[in-house]
Structures are given as structure tokens and as C-alpha cells.
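Use the sequences and the hints to build the structure in full.
Each chain, letter by letter, is given below.
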Amino acid sequence: MNAMRMLVTGATLLLAACDHTTPPQSAASVASVPAPATSAAKPVSHFSPPEESSIPNDDFGKQIALGRQIFVDPGRYAKAYVGNQLSCENCHLDAGRLANAAPLWGAYPMYPAYRSKNHHVNTFAERLQGCFNYSMNGKAPPLGDPVLVALETYAYWMSKGEPIGTSLPGRSYPKLSKPAMAPDYARGEKVFKSDCALCHGDNGQGQQTADRTVFPPLWGPQSFNWGAGMEQITNAAGFIKANMPLGRGNTLTDQDAWDVAYFMNAHERPQDPRFNGSIPATRAAYHDTPDSLYGVAVNGQLLGQGTAK
Amino acid sequence: MKAFHIITLLLGLLGAFAALADTPDGATLAHQGNGHGVAPCLACHGADGGGQAAAGFPRLAGLPQAYLRKQLDDFANGSRTNATMQPIATGLSDAERDAVTAYYSKLPIPSAQSANAPTGDDAQLAQILATRGRWSKGLPACEQCHGPGGVGVGDHFPALAAQSSVYLSNELHAWQQGSRHNDPLQLMQGVASKLSDSDISAISAWYAAQPAVLPKEGQP
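Protein sequences, first through last, are from chains A and B.
Under the numbering used here, the residues of the first sequence are numbered 142 to 450, in order.
Under the numbering used here, the residues of the second sequence are numbered 43 to 262, in order.
Just so you know, the hints here were simulated from the structure itself, not pulled from any lab data.
Just so you know, even glycine gets a beta-carbon here, dropped at the ideal spot from N, CA and C.
Please note: incorrect hints may appear among the correct ones.
To be verified - To be clear about the criterion: a stretch of chain A counts as covered by chain B if any three or more of its residues have a C-beta under 8 Å from a C-beta of chain B, and this derived list gives those stretches:
1) 350-357
2) 383-394
Claimed, not checked - Capping the alpha-carbon separation at 20 Å, the derived lysine to aspartate or glutamate pairs in EDC-like fashion look like this:
3) 112/B - 343/A
4) 258/B - 214/A
5) 112/B - 336/A
6) 334/A - 197/B
7) 319/A - 303/A
8) 179/B - 199/A
9) 179/B - 197/B
10) 179/B - 235/A
11) 301/A - 199/A
12) 236/B - 235/A
13) 179/B - 193/A
14) 258/B - 352/A
15) 331/A - 235/A
16) 220/A - 230/A
17) 334/A - 395/A
18) 179/B - 192/A
19) 280/A - 293/A
20) 112/B - 140/B
21) 334/A - 225/B
This is the structure in C-alpha cells:
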């Protein structure tokens, strides 16, 4: 065995030494690199949530801290209610603190609120239930569940000093003005390939390391379902424009953001939990807007069929 | 029957030799160079691919092959500038680049060289930059792309954990000054422009001292 290995190694060396066939590559093609884009931050002042170091060290503070833990890692701290590989923090950046990334301090003071989504007044806790039902494609923790208590406590703490019932700048995602050209799949695909696939994968599947999601899946069985707010193209376009690629927000054009939002939401994802047996009827009941591609045929594929888990 | 087996064996061996003739051997390249001008990698990157931390020669062992391959290509075509690596990368054939990067990507990660982890305020600063970033300045956390513990993600986001602190610091400064600019989507140039010198010093020392593999997490 040893002799064999020596023979093989010797032969390899010999062959390697004889390999003069490939000329060295020339250093001719130097890629031109544009200057780093400066951040196009707008001079709007936003509400500043309290520093995390100010979380009190008492029983109330424990609930705030638990809420934050759930928020950044729901798959671990609220496992029973999570049905995909997403985390709250994927869409609410910086643990729910970042303006224009649907911060908790933007949402909290706006509840209770009447929502056309379900035609009644929703408390903040009920709004959180919706996140689990749709964005997390899981099931809603019952009202009073420790998960909801901790999350609500975290949001309350973050909103300290804010006016109640006032929509603050930086709330939700920016509303982009209507694009010059109607959002388009083919243009969106080009944007996706050049600016998104590096992290989110060629098929939008995201990337994981050691069973932890690093880059969230954008469609398919591990992403948000057809009932989630991010399914609406305006929400997705606003989020993408302000925040993507991560750390380089506001570098895509509005048109690119619209196109790639359309592309993302023209893919299949888990069924809307409110599915009533028929795609057209479910569209009529919950998605009757140009903002949703549920029940629409794109490239010959009828969307809204759902995905097998 | 017996004769048939022997013939099969001989044919198999022949096949193996033929394959070797076409395919450069990564280990040989790493240990002995390519025999026509390219020095062995181990001279700088260590016999085990662990690098030489103090000199700023990076660990290659266990890094993604696609990442290593892109760096060699970038050294060769000048989109990543390095006086030592440029002639080496240029002197490697396409197949040799494939072989040597495959070799290093599969090497086990050597147990960490004794890196001095930062303490006190530096440790706290580093941990915040690594896990939370500084979003008030638009700075994502390192682990949002390089993965939990900085162990690396996929083909494009190499490990930071158990990497030479001098190397990490050199590269962050190079991104910052624009002398390194081969990052996809300019992600690292954007990040580095938001770091101060003390940020760079703290985060580099911190990651150098992190374990290369994530410790198993218990359930809460």
C-alpha cells in the first residue's frame, strides 16, 4: 500500500513538473470598479428608541429582554409558533429599531386599530398574532401567551415617550411613488441576479449556516405565506429600496426596487391560511388589488397554489 | 473469473493514472509549488493551511473553494492587488487553481493559534459590532453576512473566526482606503467606510480569538 502511494505520488510529481502546456494568464483584464456609493440618507430625524443598555434589571426588564430575544431568534425562543426559516428581524431590521424597516416603535402607538384585513378593531397583541400566522407561516400564540406578552412588552418599552395614535416618520416602509414603467418580471429577474442572488441564492432559497438562517428565503416553502404583508408589491418595493442590499440601502433605483419586488412576489409560497377552497374566490376575498399577484397567472403559471411543506 | 478481476484492477489503475495526468494535485501544489516558478503555498500559509497570524498571512484551511478561487483569479487579473500573490496566481494554470483551492477548502481547520482576545471595553465594542452592528450609522452586524460566530456562509462570505487578526485588520483598512475593491456589490467597501480605527482593531482581535466552529447551542 505504501509502495503504491509512493508510486502514485512520484508519478504525480513527475506529471506536474512536465505540465508546461498552460500558459500563465495575462493580467490584462482589470475590472473597472465604481466608487462606493455614498449613503443617500435623507435628513429626516426619526424617533430614537431607548438604548438597550437602559433595559431595567427587574422583572419588567426581564420581559423586555425576552421579547427582544424572541424577536431576533423566534425559531429558538418561540419555536412552537414558527413554521418557516424566517425571523422577525429579517424584515424589521436592527431588532425592530430601524426607521423605514417597519420599526416596533412605529407600530406600537398605532394600536388598537381597525384593519380592513380582518374587518375589526385589532389590539397590538392581535396584530402580533398576524405576524405568526402569515409572515412566520406558523400559528398564532393565544392571547396572553408568554410569547405575546414578552413581544408586546418589548414594543411598549421601545416606544417610550412617543405620542399615541400618531404616525411617525420612519414608520412601516417608505411608500415609493408609482414607477415610470409597470413592474416587470424580466427586468426584476435581472435585478435579482445582479443584486440579490449573491445572498438569497439563485432560487431565492436563502442561506443557512449551522442550521441558522443567515439570509432569509424570499419565496418557496420556508418563506412567508400568501397572507403576509410582504406579499404586497408596494410593501416589498419600499422595504427593498430602503434596506437592500443589506447595508447599502437606497442604492437601487425606484424602478429596480419595483421590478425586483414584483419578481420576488411572482413566485409560489405557502398557501394563505384563509384559503377558502378556490384560488379565484380567495383572491376576491383577500387579494383583490393590483398590489397582489395571488390568483394571477405570471408566465403561464397561476400563482396562489401554495407550496408543500 | 480471476483473470477478469485482475484486468479490471489494472484498467482501473490505468484510469487513475490517466486522471492524475490531467489533474494537478492540490496537496503537491501546496507543499512543493508547481515546478515552474510558483512557490509552495505552505511557505507563507503554513504546512496545515493555518496561515501565519503575526505576519498577516491568512488561514486558507476550510475557506470556501469558490471564494479562494475568486481571490486567485482576482490576484491574477489585478482586481485584487498584492505584490506577492499576483505572480503566484498568474503562474497557476486554471486547473492548478482549481486543484489548490479544492485542497485548502477541504483541509481541517487547525486548532486556533493563541490569539489574544480583547478584554473590557474593546471586547464589548467588538461583540456589538459582530452581533448587532451600528444601525444608527447604517452598519450591519458582521454576522448578518458572515454567519453566527463569524464561521462563514456559502461561497461568498468567508469565515472571520480563527482568522489572523493582522490579516483581518489589514483587509478592513484596505477596503476602507479603496486599495482592495474586489468585493461583490461593494458590500465590504460600504461596511469598512463606517468603521473607525478602534473599531477595526477591536473586531479583528475579537474574531481572531473566536472558535472556527460554532459551539453546540442548548435549547433555552
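Hint by hint, here is what the structure shows:
{"no.": "1", "hint": "350-357", "in the structure": "holds (count 5)"}
{"no.": "2", "hint": "383-394", "in the structure": "holds (count 5)"}
{"no.": "3", "hint": "112/B - 343/A", "in the structure": "holds, 18 Å"}
{"no.": "4", "hint": "258/B - 214/A", "in the structure": "holds, 16 Å"}
{"no.": "5", "hint": "112/B - 336/A", "in the structure": "holds, 18 Å"}
{"no.": "6", "hint": "334/A - 197/B", "in the structure": "holds, 15 Å"}
{"no.": "7", "hint": "319/A - 303/A", "in the structure": "violated, 31 Å"}
{"no.": "8", "hint": "179/B - 199/A", "in the structure": "violated, 30 Å"}
{"no.": "9", "hint": "179/B - 197/B", "in the structure": "violated, 28 Å"}
{"no.": "10", "hint": "179/B - 235/A", "in the structure": "holds, 11 Å"}
{"no.": "11", "hint": "301/A - 199/A", "in the structure": "holds, 17 Å"}
{"no.": "12", "hint": "236/B - 235/A", "in the structure": "holds, 16 Å"}
{"no.": "13", "hint": "179/B - 193/A", "in the structure": "holds, 16 Å"}
{"no.": "14", "hint": "258/B - 352/A", "in the structure": "holds, 11 Å"}
{"no.": "15", "hint": "331/A - 235/A", "in the structure": "violated, 28 Å"}
{"no.": "16", "hint": "220/A - 230/A", "in the structure": "holds, 15 Å"}
{"no.": "17", "hint": "334/A - 395/A", "in the structure": "holds, 17 Å"}
{"no.": "18", "hint": "179/B - 192/A", "in the structure": "holds, 15 Å"}
{"no.": "19", "hint": "280/A - 293/A", "in the structure": "holds, 17 Å"}
{"no.": "20", "hint": "112/B - 140/B", "in the structure": "holds, 10 Å"}
{"no.": "21", "hint": "334/A - 225/B", "in the structure": "holds, 16 Å"}
Of the numbered hints given earlier, the model fails hints 7, 8, 9 and 15; all others are met.
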